[in-house]
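Colleague: Read off the chains here:
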Amino acid sequence: MPMRTRVKEYRARYDLTQEELARKVGVRRETIVYMEAGKYVPSLKLAHDVAVALKATVDELFLFDD
Amino acid sequence: MGEIKKTGETGRLAFIVGLAIVISVSFIFWGVNTLHENYLVGICLVLGAVAAMTISMWIFLSERRKIASGLPMQDERSKMIFQKATSYTFYTTLYFVLFMMIFIDEPFLNDRLTAGRALEAAMAEMILALLIFLGYFHIRGAPE
Chain A
1 MPMRTRVKEY RARYDLTQEE LARKVGVRRE TIVYMEAGKY VPSLKLAHDV AVALKATVDE
61 LFLFDD
Chain B
1 MGEIKKTGET GRLAFIVGLA IVISVSFIFW GVNTLHENYL VGICLVLGAV AAMTISMWIF
61 LSERRKIASG LPMQDERSKM IFQKATSYTF YTTLYFVLFM MIFIDEPFLN DRLTAGRALE
121 AAMAEMILAL LIFLGYFHIR GAPE
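Residue numbers (my numbering), protein chains in the order written: chain A, 1 to 66; chain B, 1 to 144.
These are calculated hints, taken from the structure and not from any lab test.
Some hints could be false.
[What the hints assert, rightly or not] Reference excerpt, derived from the structure (chain B facing chain A, CB under 7 Å, subset only):
{"#": "1", "residue": "Glu63"}
{"#": "2", "residue": "Arg64"}
{"#": "3", "residue": "Gly70"}
{"#": "4", "residue": "Leu71"}
{"#": "5", "residue": "Pro72"}
{"#": "6", "residue": "Glu76"}
{"#": "7", "residue": "Gly141"}
For every residue, glycine included, the Cβ atom is placed at its ideal position computed from N, Cα and C.
Okay, chain A solo, but in the shape it has when bound (with noise of 0.2 Å):
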């Protein structure tokens, strides 16, 4: 299923580096680069993490395209 993700503009509004959310998640930062462009789809437990670290919800970062 397509995935979009507003991640990278959350990200850019907190200043955060792809590095620092990783570390934040307790993920590698190339999960991040893929999250991010799309081309992996996170499990629940990180979609709630990254949007708890970016202040935001899970619907707002992860847009599926029906």
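Please arrange chain B on chain A, whose structure you already have, making use of the hints.
Modeller: Okay, now just chain B, sitting in the frame of chain A:
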């Protein structure tokens, strides 16, 4: 929120790289012994083992830096990639062995495909397939 389990990460990394080095050294000895029988195969084994050792050391140094900076060695994506790559390797090896079983007694091979060689070929295929699938899924992003 995700927590980074640093405890044991460096130890696990050292174990994996140490194991890779031990295997590489065994391959070097095997290669040196093979030099008397088949020069080309021996040289290939030694060069391959040296390359594997160099890559292992490079991985160790870069991963150690990442762990020190607070990033985990493994996460959900890398675990998923490894699981997918191993299952694909399993199926590939299954077909490969089946293929060899069909052709092992064929007269045109002239008894060159002995059981030992078949085992060596299966092992080499397994390692190669795993590396290829790991690389493929890593580049693609992640398996769906």
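Colleague: Does the nearest C-beta of chain A fall within a distance shorter than 7 Å of the C-beta of Leu71/B?
Modeller: holds (6 Å)
Colleague: Does the closest beta carbon of chain A sit nearer than 7 Å to the beta carbon of Gly70/B?
Modeller: holds (5 Å)
Colleague: A closest beta-carbon separation below 7 Å is what the hint needs, so does Glu63/B meet it against chain A?
Modeller: violated (10 Å)
Colleague: Would you settle whether the hint for Pro72/B is holds or violated, based on the nearest Cβ-Cβ distance to chain A being less than 7 Å?
Modeller: holds (6 Å)
Colleague: Does Glu76/B pass the interface check with chain A, least Cβ-Cβ distance below 7 Å?
Modeller: Holds. Min distance 6 Å.
Colleague: The hint names Arg64/B as touching chain A; please verify it with the least Cβ-Cβ distance against 7 Å.
Modeller: With Cβ-Cβ at 14 Å, over 7 Å, it is violated.
Colleague: Can we keep the Gly141/B interface hint, with Cβ of chain A closer than 7 Å?
Modeller: holds (3 Å)
Checked against the numbered hints above, the structure breaks hints 1 and 2 and satisfies the rest.
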